[in-house]
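*Asks:* Generate the whole structure from the sequences, applying the supplied hints.
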Amino acid sequence: MPSPWGVVGGLVDLTSHGLLVKYVVASLFRVTWGFTLAAILAIPLGLTIGWYRRAEMAFNPLIQFLRPISPLAWIPIAILWFGVGDLSAIFLIFLSCFFPLLLTAINAVRNIPAVYINAGRNFGLSPGALVYRVLYPAVVPQLIVGLRITLGIAWLVVVAAEMIAVNSGLGFLIVDARNAGNRYDLVVAGMVLIGLIGLLLDIGMRSLEKVKSFRWSYSEE
Amino acid sequence: MESTVAITATPTVETKLRAEHISMSFTRDGESMPVLEDINLEVGNGEFLCLLGPSGCGKSTLLSIIAGFLSPTSGEVKIDGEIVRGPDPRRIFVFQERGVFPWLTVEGNIGFGLFKLTRAERDRRIAHYIKMVGLEGFGKSYPSELSGGMKQRLEVARALAVNPDMLFLDEPFGALDSITRLIMRGELLRIWEAERKTIIFVTHDIDEAVQLADRVAVMSARPGRIQEIVNIDIPHPRDINSARYLELRTGIFNQIGLAHHL
Amino acid sequence: MTTLAESRNWEKFFWPIAVAAVLLVLWHYSVVWTATKIFPSPLDVERGLIGLFHKNVLWNDIADSLRRVALGFGAAAILGIPIGLVLGWYPAIDQVVNPTMQLLRPISPIAWIPVAIIFFGVGDKAAVFLIFLAAFFPIVVACVDGVSNVPSVFRRAGRNFGLTAAQLLARVVFPAALPQIIIGLRIALGISWLVVVAAEMIAVDSGLGYLVIDSRNSGKHYDLVVAAMLIIGVIGLLLDSGFRRLEKIKSVRWGFRDAS
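Chains A, B and C supply the protein sequences, listed in that same order. With this note's numbering applied, the first sequence covers 1 to 221. With this note's numbering applied, the second sequence covers 1 to 262. With this note's numbering applied, the third sequence covers 1 to 260.
Simulated from the structure, these hints should not be mistaken for laboratory data. Values in this document were obtained by computation on a predicted structure and should not be read as measured data. Hints may contain errors.
[As the list claims (entries may be wrong)] When the alpha-carbon atoms are kept at most 20 Å apart in a straight line, the in silico EDC-like pairs for lysine to aspartate or glutamate are as follows: (1) B:Lys131 / B:Glu145; (2) A:Lys210 / B:Glu145; (3) B:Lys131 / B:Glu42; (4) B:Lys78 / B:Glu37; (5) C:Lys12 / B:Glu31; (6) B:Lys140 / B:Glu107; (7) B:Lys78 / B:Asp165; (8) C:Lys12 / A:Glu56; (9) B:Lys78 / B:Glu14.
*Replies:* In structure tokens form, the structure reads like this:
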């Protein structure tokens, strides 16, 4: 096991080789794409499914079945479809984010108190206006919490995916440092970096929860 | 007894609402449970009607049917001669204070239904109703910063702002403390006298009904039926110690089957 | 909630089956149309599944995966629940420990693989350690939240009846926090199941995760890959629904909004 100073030395070593920035950027790049794509697809789909009870009935068993399959179990399929590289990693992150976000969106819609929807209908809102002026503001706080948790998952998965499916990024750093000469100082340095960036991502998402027009659900009680 | 129930409004006013043979049952665990049975009701234009009954008698269900949120199992509701098929901005439902949107400010809530107006007109209306319900200075506040009574007034203001011809209130003051509740009753009467909306008000509080209403429709326990309609022939402002008030109140107490001695 | 129309009983089964059928047909025909030699059709997967069931390896793999989860998750629960309760009970300690936890939490359990291998070598212990790590933090956090969310009136009422601190914890705070703790345990179990598969792909040479990666590496048996994934999904679903039964027990059901 390396000493704390050994780890600091490892970090300095990485920076001087220019690998630190390169690997961090590579990991963040994959997370950003996978996470964003999943959000763009899963949230509208989840809101729609949550709105129609029959759609929820139809899709829920399938979602519950696919969800417990570790995103990493998709690695062989990812490599088959996308080869070894960024696309594979992005696909894995997309999968790992898609189901949690879909479920968050479905539950967010189903948890809207019926009073809000009835009040919206009472004032004669068109379906479009009802979505934009009642549905959307009512679900936003829950969606943000869901996005924060999912981003955490994405960060967990990118590290794992990089250990198997690509040859750059922080996950690769850890495996590579160990395989190429047991540089455990670099292994722990990589872990510290992963922890720090994960923490920063979480703090960033939490600051979204503080935005005034989203805050209503948190300030109550 | 039911044959003697006077269901028609005072003949001098035109009829605003007519509910005919409304029955409602819900299915739960495969069994059909009757909630309302053959409700017939007429409400005159500008009238203040209270639906009074014990909890679970279906009075809120009846109000939801009248407002168009639920379809009755049989029977129909006509307002201005048209059959009610859904909610309509000409008649606004006031929930307990839970109905205000927590993501909008006071101004945003009052302006919620005013999306068809110009900005200037909307601002004018918002300012008018903020003043009317006494929320000056709170325009930019969020509901979570308001007390229960303020939220309730906010919801009434939001309803009035779209200038509906009917208001449906479902135990609107139920969650308030008794002092605020008394003040709110006064406020509601003041607003009603100023704007003369037709109001249907659901409550389980006998005093509240006798203090507010022109007529009180007393409902029986489930399945709900209209047991009797009591005319409250006391002019406003009402003296709640007057002999007539106490007499009417006692009459309703007896009607519900409660002794008024503890 | 939004549609007033009552749904009929048959619909509960009809719609999911219809969706599954449409998906299977789509899958089958996209394999046929693209004329792929590698990606299996549903029928290939079915044959793969039957093949796996006839070999004893599958049962050993399932048993290995489940054993690792049971050990890692069990250890995490035994340690995590008391620690979480204490941290929730004494907010001062929580404030001291919380920053470290927040730093450790986002590190992927998988990233600990090299460390696990140093400590335990390649094998069962490394995998169990990874699952322990993966389950431990969610359990602690759920307990801390559960305890600190217990309304103070409950504590006051308990004290009013003259309970000692230990009695208060056992008879008021723990039952009040129990629904949230159970949710935390269920989530942690789900994560454990995700992680065991991942760990088995890297750190050991048995288990369902190993089956997935091995089927690919030894001759691109993609029918077995997909079959193994289906088995993983079914077992994960069974674990989750088993745990959900706990949530239905009378003494905790009050804490769940969708109790029905």
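*Asks:* If a hint holds in the structure, say so; if it doesn't, say that too.
*Replies:* Each hint, compared with the structure:
| no. | hint | result |
| --- | --- | --- |
| 1 | B:Lys131 / B:Glu145 | holds (18 Å) |
| 2 | A:Lys210 / B:Glu145 | holds (16 Å) |
| 3 | B:Lys131 / B:Glu42 | violated (33 Å) |
| 4 | B:Lys78 / B:Glu37 | holds (18 Å) |
| 5 | C:Lys12 / B:Glu31 | holds (18 Å) |
| 6 | B:Lys140 / B:Glu107 | holds (6 Å) |
| 7 | B:Lys78 / B:Asp165 | holds (14 Å) |
| 8 | C:Lys12 / A:Glu56 | holds (10 Å) |
| 9 | B:Lys78 / B:Glu14 | holds (13 Å) |
In summary, the structure is inconsistent with hint 3 from the numbered list given earlier, while agreeing with all the others.
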